[in-house]
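Undergrad: This is what each chain is made of:
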Amino acid sequence: MIKVENIYKKFSEWVLEDVNFDVKKGEFVIILGRSGAGKSVLFKIMVGLLKPERGRVLYDDFNIVDANEKELINIRKKIGFVFQGSALFDSMTLFENVALPLVEHYKLTKKEIERKVLASLEAVDLRGYEKLYPSELSGGMKKRGAIARAIVANPEYIFYDEPTTGLDPDTAEKIMNLTKRLWREMNITSLAVTHDFHFTKNVATKIIWLYNKKVRFIGTIEEFKKIEHKEARAYFIE
Amino acid sequence: MLLLLQAEVISLFKNFLLSFVYILSDLFYTTYEFFVSFKYVRKYFKEIISQIEHIGANSLLLVIFTSSFVGMVATVQTAYQIREYVPVIYIGSGVAKAIMIELGPVITGLVVAGRISSGIAAELGSMAITEQIDALRVMGISPYRFLVMPRVIGGIVSLPLLTAIGIAVAIFSGMLVANFTGIANYLVFSRGAKMFFLPKDLFGGLLKAAFFGYALTISGSITGLSSERGAEGVGKATTKAVVLSSILILMLDYILGIIIFG
Numbered sequence: 123m124i125k126v127e128n129i130y131k132k133f134s135e136w137v138l139e140d141v142n143f144d145v146k147k148g149e150f151v152i153i154l155g156r157s158g159a160g161k162s163v164l165f166k167i168m169v170g171l172l173k174p175e176r177g178r179v180l181y182d183d184f185n186i187v188d189a190n191e192k193e194l195i196n197i198r199k200k201i202g203f204v205f206q207g208s209a210l211f212d213s214m215t216l217f218e219n220v221a222l223p224l225v226e227h228y229k230l231t232k233k234e235i236e237r238k239v240l241a242s243l244e245a246v247d248l249r250g251y252e253k254l255y256p257s258e259l260s261g262g263m264k265k266r267g268a269i270a271r272a273i274v275a276n277p278e279y280i281f282y283d284e285p286t287t288g289l290d291p292d293t294a295e296k297i298m299n300l301t302k303r304l305w306r307e308m309n310i311t312s313l314a315v316t317h318d319f320h321f322t323k324n325v326a327t328k329i330i331w332l333y334n335k336k337v338r339f340i341g342t343i344e345e346f347k348k349i350e351h352k353e354a355r356a357y358f359i360e
Numbered sequence: 490m491l492l493l494l495q496a497e498v499i500s501l502f503k504n505f506l507l508s509f510v511y512i513l514s515d516l517f518y519t520t521y522e523f524f525v526s527f528k529y530v531r532k533y534f535k536e537i538i539s540q541i542e543h544i545g546a547n548s549l550l551l552v553i554f555t556s557s558f559v560g561m562v563a564t565v566q567t568a569y570q571i572r573e574y575v576p577v578i579y580i581g582s583g584v585a586k587a588i589m590i591e592l593g594p595v596i597t598g599l600v601v602a603g604r605i606s607s608g609i610a611a612e613l614g615s616m617a618i619t620e621q622i623d624a625l626r627v628m629g630i631s632p633y634r635f636l637v638m639p640r641v642i643g644g645i646v647s648l649p650l651l652t653a654i655g656i657a658v659a660i661f662s663g664m665l666v667a668n669f670t671g672i673a674n675y676l677v678f679s680r681g682a683k684m685f686f687l688p689k690d691l692f693g694g695l696l697k698a699a700f701f702g703y704a705l706t707i708s709g710s711i712t713g714l715s716s717e718r719g720a721e722g723v724g725k726a727t728t729k730a731v732v733l734s735s736i737l738i739l740m741l742d743y744i745l746g747i748i749i750f751g
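Chains as they are written, first to last, in the numbering used here: chain A, 123 to 360; chain B, 490 to 751.
If we strip away everything but chain B, and leave its shape as in the complex, we get (with noise of 0.2 Å):
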């Protein structure tokens, strides 16, 4: 019983092992035909505005809304852990720097990642069961070219406008909520957030919302064009692409941490 259970787990791990490596060199492929492509920007400058703009300008209100949240909770929860201790005008400072370095780029990256990443999928995935990029392919033409580029520089293009938008709705809605609950009145907060602001904080959280969108989009690309058959096959695609684009979010996050702010 014990050794079959050994075999079970050691088979698992194995089978874990084996799609990591698959899913590492698809990745660095993907990359490599990204960059292969770059010199095609300008003659798909049409299809990479309107990825902005689908990636962009349509998930706007997701993030506002999102980034609104994550304020208000930021300010609560920074005010209960230190209220006793600090003076209140650190709970705007805190506030800021939390939103700016980690939860303004990684939350929106998450959000974002569930909405596009997955629609990456479902969309390249329904095109390869449909012959779509097969039909591509015989025609000549790249599909990382034609559909993987414009798509992931839509995404690092787009990310970190939408990033910025949320750190200002998170503080700003953070300041609100300090001030109605009565933690601190706006100028103390706004004083508070004002007091430690280092540029760099806020270039290094858009630099790493440059990374997501890139994790996101490929991630997205990846499962969708090796989407097996069938309709299963891409719904399974689109769950693949959220793992694997929140996964890569939270890596890139501890690395690029490391490097911008280590």
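The following block holds chain A by itself, in its conformation from the complex (with noise of 0.2 Å):
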């Protein structure tokens, strides 16, 4: 379980106020908000990527917010992270990019990595592009590339930051019922920050709306669409 408490963050100005809430085990959250709304930022500081001003970050009771380099990195174990851009390594085959994890932190054989690794690109519909870097990759086999390696190490949570913006509606499509697929089949407790609405309905068991900074909402679907709110009420309109 991840517990998010009064966090704060400022850059120039606060980005970040009071924000709590908590993502239980097997659940698909989705923090939703427009873009600049700090979701990003959110999803960082929840990874020990940047550090808050205040508050904390729990997983499974132990806060990452205070946690030297080693602590983090077992906890990091945990994670798998897809980001925005994909940010597959441009100097390594695809095949490279997901054995990294598993090459860095757990001592395995060749042959055991190569199951693995080869396991993970079948799930996401990637075998036999193994041997590709990813400049030779569309956009949305980089994104199955960068989920491939984030769930190589059978993490425990897999955070999606913006998994369809900059794809075409049918690639999004296609990376949509892939994050539930793997969802339901591996049963990680997955997170997303989106402004994409479609997908929010569609894979989402607990909503979190942020603005203005701050958290307005948590809740399912259904009741977020009870919501009154003018800035809310604008996601269905769309």
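Hint data in this document are derived by calculation from the structure and do not stem from the laboratory. You can trust all of the hints, since none of them are fake.
Pairs of lysine-lysine, DSSO-like flavour, derived with a Cα cap of 30 Å:
#, chain 1, residue 1, chain 2, residue 2
1, B, K528, A, K192
2, A, K233, B, K535
3, A, K328, A, K348
4, A, K199, B, K532
5, A, K323, A, K347
6, A, K173, A, K335
7, B, K528, A, K232
8, A, K229, B, K528
With the Cβ distance kept under 7 Å, some of the chain A side facing chain B (calculated, not the full set):
#, residue
9, V169
10, L171
11, I195
12, R198
13, K199
14, F203
15, F205
16, G207
17, A209
18, F211
19, P223
20, E226
Small disclaimer: the values here were computed from a predicted structure and weren't measured. Ideal Cβ placement from N, Cα and C applies to all residues, glycine included.
From the two separate chains plus the hints, produce the assembled complex.
TA: Structure below.
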């Protein structure tokens, strides 16, 4: 379980104020908000890439905000993260990209690594492309490659940063179905930040709505539909 | 008007001091992380070899080309300055010593810095702006261990090797020029070069080169990793890398010169 408590974050001005919520095991939580609402910042705080001015992020009661690098590595082994731009390493093949977390953190034989990587690529329908470099892959394939890398070490949690942004509607639909399938089949607690309401209503078991630096709503899609707030209604019009 | 100018100068000086302190802290932190990552040398051996090839082998022609001109210029300039007052045999001594102690390591360092330091900054800067550095961190992989350490070791190993070749090429080209321009024939030049040769000169020069290898790779790494967003940020990082590595090389040259030859 992840607990986010009283998070405050400031750059030149406050971007997050008093953010509180929790993510229970097995949930698919969507953090919904407009561009610049602080969603990605919140995600980076949740995985220890950014430090908040105040507040705590607890993974099963362990606060990562004050954790040292060694403790953070132990928590990060439980996390898979899919970046908005995929963030695959240009100098490595798809296979090497996906194998990286295994090579770095686990003492596995070459055969075991190969088996796990190929299984992971199979899960995202990228078998046969393992020798290609990221520059030879399409946007959707890169995204799927990034998902394969995120799930290869069997994480407990997977974070998707804007999973459908920048993709054509058909590819976005495929990515949406893939995230949903992985959540169901692998039972990974999943979190995504997005402003894509189509994605949200199709996958979310819980919605956290960020607006004007603060969490304005936590609940299911049905409950979200009942909000009268003008900004929230705008999602339905879209 | 004068007050405004004064305020402007003070603010410029303040900014300069701040950025100097910032770079210095970055330099110490990255050096610390480099030593901490040293225990992973065996794990990244393949990557280290590939960096030695990239920094060393791929810079070889450039170093040979520039060193040959360094040797030629050093010979002509030395001859111009001392031919009237001292026997020509000392031209070989002066040229060889200057190349081994100073010109070889410094020119090789500066030339390689222009190529490698900016390349590292551009590579790591592009990785930073496309979230690849964040991806490493979130996978629990230290970018210092994975990216910086192999490059810095590559620089420390490659620069003395390149410098040794550069010194040999420079002295040889100096000898050729001395012979063809009538300054001194092969025999006189080479006898002069051998006359005051001290192993300390050569090894001191190579030791300096190893430090220059550290300076130019660490400069590229620091500026690349702290690159700001966008293509402009990467461009600035590459410029900063070359400036920082050149300054570091010249500062280290002075400090090491005092320690080794002082």
